[in-house]
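Visitor: As a plain string of letters, each chain reads:
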Amino acid sequence: MNKIVEKLTGMDALTDQVVAMDLLVSAKSGVRNYAMAVTEAGTPEIKEILTRHLEEALELHEQISNYMIEKGWYHAWDTDEQIKLNLQNIDTALKLPTL
Amino acid sequence: MNQDYQDPINSLNVPELADTTFAVDFLIRSKEGVRNIATALTETASPDVRALLRKQLMQGIAMHQEITELMVEKKWFHPYELSEQYKLDRLSAKNTIMIGNMNLFPTETNRKGMFDRTPDEH
Amino acid sequence: MDYALHEVLEVQELAAFKTVCLTKSKTMKGLVSDPKLKDIMQRDVETSTRQLQEFTSILSKAKH
Chain A
1 MNKIVEKLTG
11 MDALTDQVVA
21 MDLLVSAKSG
31 VRNYAMAVTE
41 AGTPEIKEIL
51 TRHLEEALEL
61 HEQISNYMIE
71 KGWYHAWDTD
81 EQIKLNLQNI
91 DTALKLPTL
Chain B
1001 MNQDYQDPIN
1011 SLNVPELADT
1021 TFAVDFLIRS
1031 KEGVRNIATA
1041 LTETASPDVR
1051 ALLRKQLMQG
1061 IAMHQEITEL
1071 MVEKKWFHPY
1081 ELSEQYKLDR
1091 LSAKNTIMIG
1101 NMNLFPTETN
1111 RKGMFDRTPD
1121 EH
Chain C
2001 MDYALHEVLE
2011 VQELAAFKTV
2021 CLTKSKTMKG
2031 LVSDPKLKDI
2041 MQRDVETSTR
2051 QLQEFTSILS
2061 KAKH
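Chains as they are written, first to last, in this note's numbering: chain A, 1 to 99; chain B, 1001 to 1122; chain C, 2001 to 2064.
None of these hints come from the bench; they were simulated from the model.
Heads up, a few of these hints could be off.
What the hints assert, rightly or not - BS3-like mimics (lysine-lysine), calculated; alpha carbons at most 27 Å apart, straight line:
hint: 1; chain 1: A; residue 1: K47; chain 2: B; residue 2: K1074
hint: 2; chain 1: C; residue 1: K2063; chain 2: A; residue 2: K28
hint: 3; chain 1: B; residue 1: K1094; chain 2: A; residue 2: K47
hint: 4; chain 1: A; residue 1: K28; chain 2: C; residue 2: K2038
hint: 5; chain 1: A; residue 1: K71; chain 2: C; residue 2: K2038
hint: 6; chain 1: A; residue 1: K28; chain 2: B; residue 2: K1055
hint: 7; chain 1: C; residue 1: K2036; chain 2: A; residue 2: K84
hint: 8; chain 1: C; residue 1: K2026; chain 2: A; residue 2: K28
hint: 9; chain 1: A; residue 1: K84; chain 2: A; residue 2: K95
hint: 10; chain 1: B; residue 1: K1075; chain 2: C; residue 2: K2061
hint: 11; chain 1: A; residue 1: K28; chain 2: B; residue 2: K1031
hint: 12; chain 1: A; residue 1: K47; chain 2: B; residue 2: K1075
Predicted, not measured: the structure shown is a model, and the values here were computed from it.
Produce the entire structure from the sequences given, and follow the hints as far as they go.
Guide: In structure tokens form, the structure reads like this:
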């Protein structure tokens, strides 16, 4: 998107990092939702489909978490670093003007 | 049900009752296992842990499938006929209430003669 | 093939969730700049589309 339009619409706050985090959270709840559903399914057809979807959801979660670790947006092994990052993100969100 | 627990009449149907109970317990545990592993997987970052959990998740799903099929086959579980399942649920509720009403310890069970003080009293 | 009621309800729940995910991935893909993130999102759009089509076929078979 055009930088000026982004600034005008406030869309510049929606950085790649925010989008990636959203995707990670969605992937996580996706895995959990599917795991719940798989154990409720009895019909083999549905169970097969759901198991496959669960595997795909896991793959997406793996891809996006690896991507975020690579980018330094997700410190799985360094709690202190992650807290620092989270505090920064909270601050950014709080200081965001309401449209 | 009579109160004489030595009476062999009371052990009628007990093996079946025990099997169904253990099967339901196993089904619930296998379900819980799958969900727990899936949740753990979404908290995992190391590739080797991920690979291990993934393998176990698939094994868990297969096990859940197996126990479900067994229970449907044995007619202990009716996922397709809700009215049948309802009857079964009523029956197990009845059995649970019956167990609850049993006077399992009719005589005094006070052990005060053996342990006459609490451990922190010297 | 007849499905159990609770399975159909479960699939509906997942379909609603996936619909939101697909909508988000489709729209937000246009807002990211990193090519690698774009690539992951594109693949997610493709997978989610196929998954939703599978849900549609289950749900239309479940409808009487």
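Visitor: Taken at face value, is the distance from the CA of B:K1075 to the CA of A:K47 at most 27 Å?
Guide: Given that 27 Å is the threshold and the Cα spacing comes to 20 Å, the pair holds.
Visitor: Between the alpha carbons of A:K71 and C:K2038, is the straight-line distance 27 Å or under?
Guide: Holds - the C-alpha atoms of C:K2038 and A:K71 are around 14 Å apart, at most 27 Å.
Visitor: Hey, A:K28 versus B:K1055, does the alpha-carbon distance stay inside 27 Å?
Guide: With Cα atoms ~18 Å apart, A:K28 and B:K1055 stay inside 27 Å; holds.
Visitor: Is the hinted pair A:K47 and B:K1074 satisfied, with a Cα-Cα distance of at most 27 Å?
Guide: holds, 20 Å
Visitor: Holds or violated: C:K2026 and A:K28, Cα atoms, limit 27 Å.
Guide: At roughly 18 Å apart (the allowed maximum being 27 Å), A:K28 and C:K2026 satisfy the hint.
Visitor: With a cut-off of 27 Å on the C-alpha distance, tell me whether C:K2036 and A:K84 pass.
Guide: holds, 25 Å
Visitor: Quick one, are A:K84 and A:K95 close enough, alpha carbons at most 27 Å?
Guide: At roughly 17 Å apart (the allowed maximum being 27 Å), A:K95 and A:K84 satisfy the hint.
Visitor: Just to be careful, I want the Cα atoms of A:K28 and B:K1031 compared with a cutoff of 27 Å; is the pair within it?
Guide: Cα-Cα ~19 Å, so holds.
Visitor: Between B:K1075 and C:K2061, is the straight-line Cα distance small enough, at 27 Å or below?
Guide: Holds. B:K1075 to C:K2061 sits at ~26 Å (cutoff 27 Å).
Visitor: Verify the proposed pairing of A:K28 with C:K2038, using a straight-line Cα cut of 27 Å.
Guide: OK: A:K28 and C:K2038 at ~19 Å, within 27 Å.
Visitor: Sort out whether A:K28 lies within 27 Å of C:K2063, counting only the CA atoms.
Guide: Outside the cut-off at roughly 30 Å; violated.
Visitor: Take a quick look at whether B:K1094 and A:K47 sit within 27 Å of each other, Cα to Cα.
Guide: violated, 32 Å
In this structure, the hints that do not hold are numbers 2 and 3, in rising order.
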